[in-house]
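For the record, the sequence lines run as chains A and B.
First residue of the first sequence: 3, per my numbering; consecutive thereafter.
First residue of the second sequence: 619, per my numbering; consecutive thereafter.
In short, the hints are calculated from the structure, not lab data.
Hints are supplied without guarantee of correctness; some may be wrong.
As the list claims (entries may be wrong) - Just so you have them, the derived chain B footprint on chain A, three or more residues with Cβ under 8 Å: (1) 19-32; (2) 48-62; (3) 65-71.
Stated by the list, open to error - Just some of the chain B residues that point at chain A, by a computed CB distance under 8 Å: (4) Val698; (5) Val705; (6) Leu716; (7) Val729; (8) Phe747; (9) Gly749; (10) Met798; (11) Ala801; (12) Ala823; (13) Leu829; (14) Pro830; (15) Leu833; (16) Gly847; (17) Asp850.
Bear in mind that the values here come from a model prediction, so they are computed numbers and not experimental data.
Note that the Cβ used here is the ideal one computed from N, Cα and C, for glycine as well.
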Amino acid sequence: MTTGNSITLWGVLVAAGIGTFLIRSSFIIVPERWGTPPWLERYLRHVPSAVLAALVAPAFFVVAGHPALAPANPRFWAGLAAAVVAWRTGSALGTMAVGMGALWALQWGFG
Amino acid sequence: MEPQRHLGTSPRRAAFGAGLAAVGPILVGVVPFGLVAGIAPVKAGFTALQTVAMSSIVFAGAAQLAMADLVGKGAPAWVVVITALVVNLRMMMYSASLAPHFRSLGARWKVLLSYLLTDQAFAVSIVHFNGARVTPHKHWYYLGGAVGLWGTWQGATVVGVMLGAGVPAGWHLDFAVPLMFLALLAKALKDRVTIPAAVAGGAVAVAAVGLPHHLGLIAGALVGVALGGGLDRLGTPFREPDPKEATPPPGKVPK
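Same shape as in the complex, but just chain A (with noise of 0.2 Å):
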């Protein structure tokens, strides 16, 4: 797909924009009478928390496309530190702050 072929664009956006309202309305929208099956619950209960691990993940973990768990990586270390907040706290904007701070501090000092 050429992003030259805005048409093509145009009916991406639409197809992603109904299918995700799709998934929003699911459960909404759905007669009480159906309900969820056990098993599907079962495996739904996760994905949040897979999804947003897999979209994270890689922003701490990874350098120029390649996984580095090397000390050297500086998103890493302010992850780690935003890490803890978020845990202990449980505030976004102290995670957030926290995050950007440690990683500013990071560059600055040895970038």
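Chain B: place on chain A using the hints.
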């Protein structure tokens, strides 16, 4: 029911205001996220109009950024759409968790509340709904948080499009995005049951980061969910006792 302290403030408006106040601190982190949602797609070849429209048509930041990334790399249209839907699949759980609270509402409310569903609207609402002093006007509380998020998102996207390449790369604005999701992940892991799923999902996503089309993200999500659900079936130290799944008497077929 508490006596109204402010004459003239309807309970619905008060609930709306409470929801808006609850999401307020999170909105500070949503702003850089929205800026990136305005900057990245344009860099990847979207028009300004498409970029702004995406924030209301799709209205899902993580998916929007993944889509922008894929389009920039020339991925096929169907890959972009499927990836967006996989990234947004977590909203199905949010929908399932919120549905009981909106059961008595009319169809138009349900459509509106569904459209506005995001990580942030879910997070502030579900905490309040499960709390001790929940308002009788739950949907107004949710609406307050959700509208606050929606408005901030649209505004930040527009500003991001206008700023464009003007934002210095040294600010590392993009780092605010995983930080915000990290805060939400910590909330999701509070009950500890889903920790294995998160560890597996994160590990696989990192290991598979070299795969094209964000397949590492999809692989991580699938492995995490499979592991989490599988462990629940076997019974793990993380699992809370579930009365619905007590051993059935002999002769009864288990589900």
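Tested hints:
Residues of the region 19-32 of chain A with a Cβ under 8 Å from some Cβ of chain B number 12, which satisfies the need for three, so the listed coverage holds. Interface restraint, the region 48-62 of chain A with chain B: holds (15 residues with C-beta to C-beta distance below 8 Å; minimum three). Three residues within the 8 Å Cβ limit are the bar, and the region 65-71 of chain A against chain B gives 3, so the coverage statement holds. Given the 8 Å rule on beta carbons, the hint for Val698 (chain B) holds: about 5 Å separates it from the nearest Cβ of chain A.
For the restraint placing Val705 (chain B) at the interface with chain A, the shortest Cβ-Cβ distance is roughly 7 Å, inside the 8 Å limit, so the hint holds. Interface hint status for Leu716 (chain B): upheld, as the beta-carbon distance to the closest one in chain A is roughly 6 Å, under 8 Å. With a least beta-carbon distance of about 7 Å to chain A, the hint placing Val729 (chain B) at the interface is held under the 8 Å criterion. The beta carbon of Phe747 (chain B) is not positioned within 8 Å of any beta carbon in chain A (closest approach about 14 Å), and the interface hint is therefore violated.
Among the interface hints, the one on Gly749 (chain B) is violated; its C-beta lies about 14 Å from the nearest C-beta in chain A, farther than the 8 Å criterion. Annotation: Met798 (chain B) was flagged as interfacial toward chain A, and the flag holds, the nearest CB pair being 6 Å apart, inside 8 Å. Interface hint status for Ala801 (chain B): upheld, as the beta-carbon distance to the closest one in chain A is roughly 4 Å, under 8 Å. Interface restraint check for Ala823 (chain B): the shortest CB-CB distance to chain A comes to about 4 Å, inside 8 Å, so the restraint holds.
Nearest Cβ of chain A to the Cβ of Leu829 (chain B): about 11 Å, over the 8 Å cut. The hint is violated. Taking 8 Å as the C-beta contact cut-off toward chain A, the hint placing Pro830 (chain B) at the interface is violated, the least distance being around 11 Å. For Leu833 (chain B), the shortest C-beta to C-beta distance to chain A is roughly 11 Å, which exceeds 8 Å, and the interface hint is violated. For Gly847 (chain B), the interface hint holds, since its Cβ comes within 8 Å of a Cβ in chain A; the closest pair sits about 4 Å apart.
With its C-beta approaching chain A no nearer than about 5 Å, Asp850 (chain B) sits inside the 8 Å limit, and its interface hint holds.
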